Amino acid sequence: MTCDTARSQFMDLLYNEIDPTARQALEAHLQTCAGCRNELAGLQEARALLQQLPQAKPEWQMVFSAPPRRSLAQWWRDARELLPRPRWARAALGLAAAMVAFIVLASLANLRVTYDAGRFEVRMHLLRPPAPELTPEMQQALLAQLRSETMDFIAQLHAAERAEQDEKIDRMLTAFARDIERLERQREADLLLIGQELEEIHRATNIQFGETSQMLQQLVRHISYQGR
Amino acid sequence: MTDDQLIEQFLSGNLHAFNTLVWRWQRPIYNFALRFLGNAEDARDVTQKTFIKAYKKLGSLKDPQKFSTWLHQIALNLCRDENKRRRKHVNISLDIDQSNHKDRLEASLMDDFTDPSAEKALQQTELQQILQKALERIPEEQRTVVILKELQGMKFTEIAELLGISVNTAKSRMYYGLNALRKILNQWNIDREAIHDDL
Numbered sequence: 000m001t002c003d004t005a006r007s008q009f010m011d012l013l014y015n016e017i018d019p020t021a022r023q024a025l026e027a028h029l030q031t032c033a034g035c036r037n038e039l040a041g042l043q044e045a046r047a048l049l050q051q052l053p054q055a056k057p058e059w060q061m062v063f064s065a066p067p068r069r070s071l072a073q074w075w076r077d078a079r080e081l082l083p084r085p086r087w088a089r090a091a092l093g094l095a096a097a098m099v100a101f102i103v104l105a106s107l108a109n110l111r112v113t114y115d116a117g118r119f120e121v122r123m124h125l126l127r128p129p130a131p132e133l134t135p136e137m138q139q140a141l142l143a144q145l146r147s148e149t150m151d152f153i154a155q156l157h158a159a160e161r162a163e164q165d166e167k168i169d170r171m172l173t174a175f176a177r178d179i180e181r182l183e184r185q186r187e188a189d190l191l192l193i194g195q196e197l198e199e200i201h202r203a204t205n206i207q208f209g210e211t212s213q214m215l216q217q218l219v220r221h222i223s224y225q226g227r
Numbered sequence: 000m001t002d003d004q005l006i007e008q009f010l011s012g013n014l015h016a017f018n019t020l021v022w023r024w025q026r027p028i029y030n031f032a033l034r035f036l037g038n039a040e041d042a043r044d045v046t047q048k049t050f051i052k053a054y055k056k057l058g059s060l061k062d063p064q065k066f067s068t069w070l071h072q073i074a075l076n077l078c079r080d081e082n083k084r085r086r087k088h089v090n091i092s093l094d095i096d097q098s099n100h101k102d103r104l105e106a107s108l109m110d111d112f113t114d115p116s117a118e119k120a121l122q123q124t125e126l127q128q129i130l131q132k133a134l135e136r137i138p139e140e141q142r143t144v145v146i147l148k149e150l151q152g153m154k155f156t157e158i159a160e161l162l163g164i165s166v167n168t169a170k171s172r173m174y175y176g177l178n179a180l181r182k183i184l185n186q187w188n189i190d191r192e193a194i195h196d197d198l
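Quick note, the sequences are listed as chains A and B, same order. So for the first sequence, numbering that gives the first Met the number 0 puts the first residue at 0; every next one is plus one. So for the second sequence, numbering that gives the first Met the number 0 puts the first residue at 0; every next one is plus one.
Chain A on its own, in the form it takes in the complex (with noise of 0.2 Å):
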């Protein structure tokens, strides 16, 4: 055994989680090693030390205990005391909160205040008021009023509509309008580009022959000087 090896075994020793083969060995090792058998003393000396120290005892208890159950006279002081303390503060709160309570009654009970020609007409009701009977003539004039309405409806229907489809159309045939002008400067490009390789060839063939009528003169010449 290595003295690392032993040192790493010495916790287990000291703590007594050692297995006895274990234990055994390093017993080996510590009866040969004087480096390793100092130092187990050494850590033997700072548990003894630790040791000393006592388990304190706390001189209090810890109890927990579950919360009081509030009463309404409680709860009422509680909320006394969230109040303002001057006395107009009170006074202006109380008043505030009197307007707000009856704003809110009043909206839940559809309260309806009336002047008409002297006459002063308070009405209230919790559901909204029946609608009044209809005369075949106020029948008559509604629905000629329905009537002119969904007309009006489906004529502004109608001229948004065709005013889309004007707006698809016009926009088709500006893309339309653009792509003929791409395709004619695209014939135009080509025209040129075709016009330029034609005398391009031209001028090719123009030097062929001129080398060739050159050839063919000195080939007469050449035949004529052999005859003479």
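There's no promise every hint is true.
[What the hints assert, rightly or not] Straight-line distance between alpha carbons at most 27 Å, and here's what the computed BS3-like set of lysine-lysine pairs gives:
| hint | chain 1 | residue 1 | chain 2 | residue 2 |
| --- | --- | --- | --- | --- |
| 1 | B | Lys132 | A | Lys56 |
| 2 | A | Lys56 | B | Lys52 |
| 3 | A | Lys167 | B | Lys48 |
| 4 | B | Lys55 | A | Lys56 |
| 5 | A | Lys56 | B | Lys61 |
| 6 | A | Lys56 | B | Lys56 |
| 7 | B | Lys132 | B | Lys48 |
| 8 | A | Lys56 | B | Lys48 |
| 9 | B | Lys56 | B | Lys132 |
Hints listed in this document are in silico derivations from the structure and should not be mistaken for laboratory results. None of these values were measured; they are calculated from a predicted model.
Use these hints to put chain B onto chain A, whose structure you have.
This is chain B only, laid out in the frame that chain A set:
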């Protein structure tokens, strides 16, 4: 009644069961905090906070059989928070004070051991204070393991689980912690014989 039975009863609405757990674990948690922080008032605060947190979060404990480990984890986190708070609030002057304190302590110890009449006056409480001071001087991670092992009597496997480290790391921290303590106490000329002579 076991801890897990008490937890079950508490979760069913029996507050008395939780008070029994408090009564059972208050002392170990207080001692852990006391040795970690070295101050009785802070240890009391941490103990109280630990149980208040446990009261609120006990429902989230997945394995009631690991209540002790869980409770120590809460206490350890609170102790670490307390240490951080101290470091934040205590300025450099305190470090100077501490180093002065060390010098004074060492000087006083040297005087005590050189003067035979004073040597006898060294009382058990003073020795405990010295041991506590020595404990506070070793690195926090080693101190935690030393306290949990030596003073709380936990097994290395429990310590490893509590700290989220391997068993070998726990053993290694214990080894280095004990060695560091031995060296500090040797510097102050404190050994087992000295203590036994005094006691």
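How the hints compare with the structure:
1. B:Lys132 - A:Lys56: Satisfied, since the Cα-Cα distance of roughly 20 Å is no more than 27 Å.
2. A:Lys56 - B:Lys52: holds (22 Å)
3. A:Lys167 - B:Lys48: violated (74 Å)
4. B:Lys55 - A:Lys56: It holds: about 25 Å lies between the C-alpha atoms, which stays within 27 Å.
5. A:Lys56 - B:Lys61: violated (30 Å)
6. A:Lys56 - B:Lys56: holds (26 Å)
7. B:Lys132 - B:Lys48: Holds. B:Lys132 to B:Lys48 sits at ~25 Å (cutoff 27 Å).
8. A:Lys56 - B:Lys48: holds (18 Å)
9. B:Lys56 - B:Lys132: Judged against 27 Å, a Cα distance of about 34 Å means the pair is violated.
The earlier numbered hints that this structure contradicts are 3, 5, 9.
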